[in-house]
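Asker: Produce the complete structure using the sequences and hints provided.
Residue numbers (the UniProt record's numbering), protein chains in the order written: chain A, 1 to 275; chain B, 1 to 275.
Treat the hints loosely; a few may be bogus.
Pairs involving identical chains hold if they fit within one copy or between any two copies, as the list cannot separate such chains.
[Unchecked claim] Below 25 Å or equal to it, Euclidean Cα-Cα: the simulated SDA-like pairs (lysine to any residue) are: (1) Lys194 to His89; (2) Lys164 to Ser177; (3) Lys4 to Ser38; (4) Lys198 to Asp254; (5) Lys190 to Ala261; (6) Lys94 to Ile173; (7) Lys48 to Phe28; (8) Lys4 to Lys227; (9) Lys22 to Val264; (10) Lys263 to Glu95; (11) Lys116 to Val255; (12) Lys164 to Gln92; (13) Lys272 to Thr58; (14) Lys116 to Arg70; (15) Lys164 to Pro99; (16) Lys164 to Arg251; (17) Lys116 to Val24.
Hints listed in this document are in silico derivations from the structure and should not be mistaken for laboratory results. None of these values were measured; they are calculated from a predicted model.
Read off the chains here:
Number of protein chains: 2
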Amino acid sequence: MRYKRSERIVFMTQYLINNPNKLVPLTFFVTKFKQAKSSISEDVQIIKDTLIEEGLGTIETVAGASGGVRYRPEMQKAEAEAVIEELIHLLQEKERLLPGGYLFLSDLVGNPPLLKQVGKLIATIYMHEDLDAVVTIATKGISLANAVASVLNLPVVVIRKDNKVTEGSTVSINYVSGSTRKIETMVLSKRTLKEHSKVLIVDDFMRAGGSINGVINLMNEFKAEVKGVSVLVESKEVKQRLIEDYTSLVRLSDVDEYNQAFKVEAGNSLSKFNN
Amino acid sequence: MRYKRSERIVFMTQYLINNPNKLVPLTFFVTKFKQAKSSISEDVQIIKDTLIEEGLGTIETVAGASGGVRYRPEMQKAEAEAVIEELIHLLQEKERLLPGGYLFLSDLVGNPPLLKQVGKLIATIYMHEDLDAVVTIATKGISLANAVASVLNLPVVVIRKDNKVTEGSTVSINYVSGSTRKIETMVLSKRTLKEHSKVLIVDDFMRAGGSINGVINLMNEFKAEVKGVSVLVESKEVKQRLIEDYTSLVRLSDVDEYNQAFKVEAGNSLSKFNN
Chain A
1 MRYKRSERIV
11 FMTQYLINNP
21 NKLVPLTFFV
31 TKFKQAKSSI
41 SEDVQIIKDT
51 LIEEGLGTIE
61 TVAGASGGVR
71 YRPEMQKAEA
81 EAVIEELIHL
91 LQEKERLLPG
101 GYLFLSDLVG
111 NPPLLKQVGK
121 LIATIYMHED
131 LDAVVTIATK
141 GISLANAVAS
151 VLNLPVVVIR
161 KDNKVTEGST
171 VSINYVSGST
181 RKIETMVLSK
191 RTLKEHSKVL
201 IVDDFMRAGG
211 SINGVINLMN
221 EFKAEVKGVS
231 VLVESKEVKQ
241 RLIEDYTSLV
251 RLSDVDEYNQ
261 AFKVEAGNSL
271 SKFNN
Chain B
1 MRYKRSERIV
11 FMTQYLINNP
21 NKLVPLTFFV
31 TKFKQAKSSI
41 SEDVQIIKDT
51 LIEEGLGTIE
61 TVAGASGGVR
71 YRPEMQKAEA
81 EAVIEELIHL
91 LQEKERLLPG
101 GYLFLSDLVG
111 NPPLLKQVGK
121 LIATIYMHED
131 LDAVVTIATK
141 GISLANAVAS
151 VLNLPVVVIR
161 KDNKVTEGST
171 VSINYVSGST
181 RKIETMVLSK
191 RTLKEHSKVL
201 IVDDFMRAGG
211 SINGVINLMN
221 EFKAEVKGVS
231 VLVESKEVKQ
241 RLIEDYTSLV
251 RLSDVDEYNQ
261 AFKVEAGNSL
271 SKFNN
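Answerer: Listed below in structure tokens is the structure:
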């Protein structure tokens, strides 16, 4: 079969969109379409120009024998602002406030189109870091971590707060919850994370940072290097935070449980975007 | 700006790929590109023909004022067979067998490219069902449910085995685990699932079906209608199964813990694909 340019462009576009951050050798397309490399390069250029023009990211070209093209679905600042504005809008609903100053987030992390946007936003911040895995804590971090990892083309590693036979042999640590001051346990299956991995930690909610601090300690047990920490919501109601270097999408403050009032504003992640 | 056909095709392809199972009004593209509807329809036809030719699904056209186009990323039987073969290959590793006849699955549900394929496979089986949500059980079902739900363009609803303040008000049921015969609890936040929803239940592992049976009972509390049940791995080591109507990707049998031996074969889901 002989492919027309428009048909090649449909196939190549869907392939790159479905495989973000993956290096695709040009020979893959050359062989598939039985076309000269120069024509394939022209196709890629059309796709790249359109993606850039539309603010949908870019296509990187890696030269050499082991080279190829890689789709980088980087989000523009304006879109990141729109995503955060939507999050703020959704989070401002009064009924979200739960006892203890928590926010109800289960519906948000169960909304795939929203998660996809949030995942792309966080992934954009860490796209040029050298990473091996996205690490999160069960339960609500999992969907968010998947959304980030699928953009970064990385595996997801899930830390649990209970030990299960289905995890095989595990490493566990005890940590003190920053807000409740209770001692809790974290467990990670040995074979889900290689030693010396470079990781990005993602979670849905951070108050004092006790859980994230626990994750960092657990990462030390795996000799892993923490390259970043990103949370969907951070709560400002904390005197002393255990974690200093992190990005957050939105920030919760002025929680008044009695009057069911609170404030939600943009977190610091927008500062990571260029104009 | 005036768009060329190739540029329109790049944009429309990425949009449809990024929004599977979503009805997109043609006027969205007509307005964006300032083109006659007939040209846009021709663009759609080129994309549709290529997607069909390449076995990547199809584009449905819905006529009328509230109509538009919808990308249906249906998987072909040959690809489904390849996905299941890969799963069998991965699951056959001896070291996966855990005490009690469980299989270690955490690395598989933490592998986004594999999950994407598995999600597409399960979504293809249920794509033409009238569904409102994908329901799963924490922890390992979550990634799988997200993979299925993002293809079906549906929310994910996560049932937990512990009750947390972050869930708000909840409904819970007790159930008897099919294999251990222990009484366990399942909890679902009231506001994550509307009454009378039509749901697809997805989980990673099913033995006797006690957990899934618990989910079905919990769904009754929400007056929900269970339209399907799909699991990644089913274990055949069961005399009497509590669930009859389900699809599985692979089937585990002949577990011999002493010799670390077991058999993995294709489940019944391939029978749902046409040739």
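Asker: So, for every hint listed, does it hold in this structure?
Answerer: Hints, verified against the model:
1. Lys194 to His89: between (40 Å within a copy, 21 Å between copies)
2. Lys164 to Ser177: For Lys164 and Ser177, the Cα distance is within 25 Å both inside one copy (21 Å) and across copies (15 Å).
3. Lys4 to Ser38: both (15 Å within a copy, 20 Å between copies)
4. Lys198 to Asp254: Close neither inside one copy (36 Å) nor across copies (39 Å); limit 25 Å.
5. Lys190 to Ala261: Between. Shortest inter-copy distance 22 Å satisfies the 25 Å Cα cut-off; intra-copy 43 Å does not.
6. Lys94 to Ile173: neither (36 Å within a copy, 28 Å between copies)
7. Lys48 to Phe28: For Lys48 and Phe28, the Cα distance is within 25 Å both inside one copy (17 Å) and across copies (22 Å).
8. Lys4 to Lys227: Result: close neither inside a copy nor across copies, 44 Å intra and 42 Å inter.
9. Lys22 to Val264: Classified as neither; 36 Å inside a copy, 30 Å across copies.
10. Lys263 to Glu95: Within one copy only: 13 Å inside, 50 Å across.
11. Lys116 to Val255: Classified as neither; 28 Å inside a copy, 39 Å across copies.
12. Lys164 to Gln92: between (37 Å within a copy, 21 Å between copies)
13. Lys272 to Thr58: within (18 Å within a copy, 39 Å between copies)
14. Lys116 to Arg70: Classified as both: same-chain Cα gap 19 Å, cross-chain 19 Å, threshold 25 Å.
15. Lys164 to Pro99: Answer is between; shortest inter-copy Cα gap is 11 Å, intra-copy 29 Å.
16. Lys164 to Arg251: Between copies only: 22 Å across chains, 34 Å inside a chain, cut-off 25 Å.
17. Lys116 to Val24: This pair counts as both: shortest intra-copy Cα distance 23 Å, inter-copy 18 Å.
The structure does not agree with the numbered hints 4, 6, 8, 9, 11 stated previously, though it agrees with the rest.
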